[in-house]
Structures are given as structure tokens and as C-alpha cells.
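Novice: In case you want the letters, here they are:
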Amino acid sequence: MNTLSTPTRDGLRADLALISDWIAPGTRVLDLGCGNGALLAHLEATKNVRGYGLEIDPDNVIASIAAGVNVLQLDLDAGLGQFEDDSFDYVVMSSAIQEVQQPHVLIDEMLRIGRDSIVTFPNFAHWRMRLSLSWYGVMPSSRALPNRWYNTPNIHLCTVRDFEQLCATKRVEIVRRHFVNHAHRAHAAMRLAPNLLGEIALYQLRGGS
Amino acid sequence: MEATAHSIGLVEPQTLHVDDPLDLDCGKQLSQFNLVYETYGTLNADRSNAVLICHALSGNHHAAGYHSENDAKPGWWNKCIGPGKMIDTNRFFVVSSANLGCYNGSTGPGSTNPETGRHYGPDFPVVTVGDWVRSQNLLRAHLGIDRWAAVVGGSLGGMQVMQWSIDYPDRVAHAVVIASAPKLSAQNIAFNEIARQAIVTDPDFHEGRYYEKGVVPRRGLMLARMLGHITYLSDDAMRAKFGRDLRAGRINYGFDVEFQVESYLRYQGESFVTRFDANTYLLMTKALDYFDPAYETGGRLAEAFEPATARFLVISFTSDWRFAPARSREIVDALVDAGKQVAYAEVESDLGHDDFLLTMPHYANTMKAYMSRVAAEVGA
Numbered sequence: 055m056n057t058l059s060t061p062t063r064d065g066l067r068a069d070l071a072l073i074s075d076w077i078a079p080g081t082r083v084l085d086l087g088c089g090n091g092a093l094l095a096h097l098e099a100t101k102n103v104r105g106y107g108l109e110i111d112p113d114n115v116i117a118s119i120a121a122g123v124n125v126l127q128l129d130l131d132a133g134l135g136q137f138e139d140d141s142f143d144y145v146v147m148s149s150a151i152q153e154v155q156q157p158h159v160l161i162d163e164m165l166r167i168g169r170d171s172i173v174t175f176p177n178f179a180h181w182r183m184r185l186s187l188s189w190y191g192v193m194p195s196s197r198a199l200p201n202r203w204y205n206t207p208n209i210h211l212c213t214v215r216d217f218e219q220l221c222a223t224k225r226v227e228i229v230r231r232h233f234v235n236h237a238h239r240a241h242a243a244m245r246l247a248p249n250l251l252g253e254i255a256l257y258q259l260r261g262g263s
Numbered sequence: 016m017e018a019t020a021h022s023i024g025l026v027e028p029q030t031l032h033v034d035d036p037l038d039l040d041c042g043k044q045l046s047q048f049n050l051v052y053e054t055y056g057t058l059n060a061d062r063s064n065a066v067l068i069c070h071a072l073s074g075n076h077h078a079a080g081y082h083s084e085n086d087a088k089p090g091w092w093n094k095c096i097g098p099g100k101m102i103d104t105n106r107f108f109v110v111s112s113a114n115l116g117c118y119n120g121s122t123g124p125g126s127t128n129p130e131t132g133r134h135y136g137p138d139f140p141v142v143t144v145g146d147w148v149r150s151q152n153l154l155r156a157h158l159g160i161d162r163w164a165a166v167v168g169g170s171l172g173g174m175q176v177m178q179w180s181i182d183y184p185d186r187v188a189h190a191v192v193i194a195s196a197p198k199l200s201a202q203n204i205a206f207n208e209i210a211r212q213a214i215v216t217d218p219d220f221h222e223g224r225y226y227e228k229g230v231v232p233r234r235g236l237m238l239a240r241m242l243g244h245i246t247y248l249s250d251d252a253m254r255a256k257f258g259r260d261l262r263a264g265r266i267n268y269g270f271d272v273e274f275q276v277e278s279y280l281r282y283q284g285e286s287f288v289t290r291f292d293a294n295t296y297l298l299m300t301k302a303l304d305y306f307d308p309a310y311e312t313g314g315r316l317a318e319a320f321e322p323a324t325a326r327f328l329v330i331s332f333t334s335d336w337r338f339a340p341a342r343s344r345e346i347v348d349a350l351v352d353a354g355k356q357v358a359y360a361e362v363e364s365d366l367g368h369d370d371f372l373l374t375m376p377h378y379a380n381t382m383k384a385y386m387s388r389v390a391a392e393v394g395a
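Chains as they are written, first to last, in the numbering used here: chain E, 55 to 263; chain A, 16 to 395.
The hints are simulated quantities; they were obtained by calculation from the structure and are not laboratory data.
Please note: incorrect hints may appear among the correct ones.
Examples of chain A residues toward chain E, derived with CB under 10 Å [said to hold, decoys possible]:
id, residue
1, 26
2, 28
3, 30
4, 157
5, 354
6, 359
7, 362
8, 374
9, 376
10, 384
Computed from a prediction, not measured in an experiment: that's the story for all the values here.
Beta carbons: idealized from backbone N, C-alpha and C, even for Gly.
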């Protein structure tokens, strides 16, 4: 997934570096939409993690194979029924939730398969988005969401409040959350008004109904 | 012969003669046998860059290169094995052996039975994928190879790859399973049975002793191949290649060849008869039918894979309906369940099962990315 762009830390895209910080060493990780396999390759190299990545794009699959990652070319929209309950320590979905057919079903599946789930998504209620729509009257696009309305792969965009309402409905425990700007930096104001100021949201989830 | 820059050029088959009896799954023994094989590329100093190629139903040891300057066609996987190709002979020492029961290669039904002085014919024991792997392991030892950098195979060859990973985990670093299945479906077995019936009911079959009668069950073998060929091609590929094109340009209201597809199938069947043996066809289809590594584990494939230590690459093709992607996903799911290292690519394709013999970019690049890592691991 390419909606979160370029800044890096330790040679790793900054949002992936943040996710990596949340993952304990020696665990099993399933990465949904693993892209070029950078997160899993990093986790395997630095944290002795046994990871598997799901990816649909052939070029990304090849890049993941070149990175030595256990990438499986599968469609998230086809479901994850083949994975056993509690078979992973973490199920990660980085900036992919807005591209799937049924995000709520996929979150249920993540919580079923993983002890913990980590979800990141671009916050559609960021003030720039609000401004685009309310003031300029156009469908919002941003550095975190660069596509236009007609060519966007993002079919289920949501806001921080939307996401937390879904978690409440599903009785999902939010273990922790973090908000950053498009350069993946956080500042204090984001914690006070994440739905207005956070561009990218990161959540660690557990449990569920 | 094609230009040599991307080809191995001339190759010569070699023979390993084994005098120790080989115990077979069926309970019988082969008291002595030959394994015929070819090698391409150079074995490195620490003997770590060897790749074993496992062939499919109609294959043999001749996977790449040419046997003579006058050969019209190279080995069966020449597109994928050679300098700079998917299986790069500049980096790997590639070994390709003919399975027991083969024709014109390793000992098979057309060979002379040392106990009777006659052709084995129907007396050649029914061999399994496990038997093949056991015999190939003797070849490995003979070549002084401690561990294959990779074992690679498509279709029936992919089954051998899986068997290798289970039976000799210490001997396989990477297992590449292409267009294969963890076991045949009832439909697969049904097609095989029709093929076998076509052969054994041919009046020239003579209970498998046709060699001695100086005949071959041509019609049966031809029908078997025609049937098989349909299952190797996708509906779309046949439509694109032949449509409803008529050979004479008009309908003749008769039973001769009229549609191009009929002409093609007959040609495929007839040319197969000249290069393949009916008893071998029977044996190969039986080995396919019997393959089921989860048979011993109550149907639990993940448990069957438990001993494996290799890293796996599994590849399927979207237009393959003989061993459809769903069958490869069964393998992948079992490997994930068993906690094994596995990558899986599902290649968008048109032709069908035979796509594994070709070099579409997604397929070739997937293989090259993987094999390049294999090579790097062994310093090749």
C-alpha cells in the first residue's frame, strides 16, 4: 500500500517503524497487505519474528520474495478462513483497511486470528480534509491520501471517531493508540484533538465480541 | 539448435548403475537398476550449489540443452533452465534425473528384467513418488552432494519436491513446488483411469507384453495423450488457439478431422506414441493417483509436513484447472499451519497447466527473485 509516503527511520518507512516498536521479539506476525515486505523483513532481522505477509499485487509479491519474506499472494477480500483461531501473536494491517470490501468483517477476523491486532489508517476527519470538503467543495485529497475521487483504491475511508465507535460496538479493547502527521511525527496537540489534527492513526486492539 | 548464448548447448546423459536392491512401497524390490540423469552448470567447491529437477508425467532426464546438433527440440524445460534463466546454470549445478519406470531413461518396463532376460513389461513394479525420491537420494549421495540448494518441480514433479522435503528434511534447503497438488481429486483420478482404460483395452496392448509382439498399443496411448492434453490446456487457450476453425474451411458432414482442434489433438496423440511408452504411462498415472503425503497422518497435511525444514516456494497458475490454484493453496495453508517458511505466488496466466513450462514475466521474475536468494545463500 502506498498511501503513506516516504519518511524513514532505521531504513524503514516511518509508520512501519512505529508498528515495529509495538511488536515483541520472538513472536508470530501476520501482515495483511504486506507491500514489499519491508516490515516483516525488518522484524525477522531485528526481532527474530516468524512472519507471514498477505499481498495481492504481483510486483509487491516479487519484491517480498526478493526480501526473503514469507509472502502469500492472496486476496484479503476472499477472507482469512484458512487461518486458525489465535494462531498469531499479532495481525497487522497497515494502511490497507480503507481498501478492503468489508473492513468490519476483516477486523473481526484479525481479532480472531491474532492475540493482538495493529491497524493503521489515514484519518478522514483531519482538518485539511474537512477544509477541502466544507470550504472548497471538492473531495479531499492529501499527502496521506493522494488519489482523486475517480481513481482512488480507498473505498472505505473513516475517521478516528468512526473507528473508535466501531471498536466500541464490537467491544474491542483499544490497548493503545497513536497519531502522527503525514511525516509520521507526533506532537502534543494531536493527543488533545486527534480527530482534527491526526493525519494517520495507529491502533493496537485486543478482544472483541 | 538455438543460439548458444542462452542455451546450455550440447549435453550428454549419464547413468548411475545401482546393484543394491531398492525396497519399494508396494512391497517388491528392484534388485538392480539404472538411473539416467543429466547435469548442467558446475558444482562449486563446497558442493553446495546443486539443484535437483523433478519431472512431470511425460518428462525425463533431458530437461535442457540438446543431445545433438541436429535436434529439432531442446530438453523439456529448456525455457527455464540455462545461463541467466530462471534456474541459472551460471550459478547452479543442475541435476535432472529420469524417474524409475520411465521410457528411454532410467530402468522401466521397457528395460530387460535381469531375472528373466525379457522386458519387464507388466512385471515392472508399481512405483510411487516416495520410491522415486528414495532412488534420487542414492544419486545425491553418488554425486557427493550433502544437501540440495533447492529441489524444483512442476505438477507430478512438484509432488516429488514435497516428498523430498518430508522424507529427507536435512537434504533439502529449498523446495519449489509449481502447479502441483497435495493429492489428486476424484476428477483427476477419473481422467487417469480413462487414459489407462484406453491403453489396456487396445488389442495391441497384449497385457503389457507388446514389446515381444513387435507392436505398440498406438490407439490407446494416443487417446490417453489426447485426453491428457485437454486437461493441460485452459478452455480460453483452446478457444484462442482454435476457436471453431475448420481445416478445410467448410463443414463436410462426416467423421474425419474437420475442426482444427481435432487435427491438433490427433497430431499431439500421434507424435506422443513415437516418443513414449504405454506401460510407462500406466505407471506414471498410478504414481499420481497414489500420491498423498497426508495418508499416514489421517488426512492432516500440516502434520505430514511436520518433519520438513526446507523453505518453500509454491506457485500456481490462474488458468490451470488440472491443478488449480486452490490445490496449491491447500499446500500453502498446511505449511503455514505447520509453521514452515513459505512464499506463494498465484500467476495470472492463459494457457493452463502447461504454463509452468513457460516464462511469463510474473512467473519468471518470481522464480528469479527466489532462486537468486537461494544462490546467494550458498555463495553461488
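Novice: None of the hints should be skipped; say for each whether it holds.
Specialist: Each hint tested on the structure:
1. The beta carbon of residue 26 of chain A is not positioned within 10 Å of any beta carbon in chain E (closest approach about 29 Å), and the interface hint is therefore violated.
2. Taken as an interface hint, residue 28 of chain A does not check out: its beta carbon lies about 33 Å from the nearest beta carbon of chain E, beyond 10 Å.
3. Interface restraint check for residue 30 of chain A: the shortest CB-CB distance to chain E comes to about 37 Å, outside 10 Å, so the restraint is violated.
4. Nearest Cβ of chain E to the Cβ of residue 157 of chain A: about 32 Å, over the 10 Å cut. The hint is violated.
5. Using the Cβ-Cβ criterion of 10 Å, the hint placing residue 354 of chain A at the interface with chain E is satisfied: the shortest such distance is roughly 7 Å.
6. At a threshold of 10 Å, the smallest CB-CB gap from residue 359 of chain A to chain E is about 4 Å, leaving the interface hint in force.
7. At its closest, the beta carbon of residue 362 of chain A sits 8 Å from a beta carbon of chain E; the interface hint therefore holds under the 10 Å criterion.
8. At about 14 Å, the closest approach between the beta carbon of residue 374 of chain A and any beta carbon in chain E exceeds 10 Å, and the interface hint on this residue is violated.
9. For the restraint placing residue 376 of chain A at the interface with chain E, the shortest Cβ-Cβ distance is roughly 9 Å, inside the 10 Å limit, so the hint holds.
10. A cut of 10 Å between beta carbons decides the hint on residue 384 of chain A: the least distance to chain E is about 4 Å, and the hint holds.
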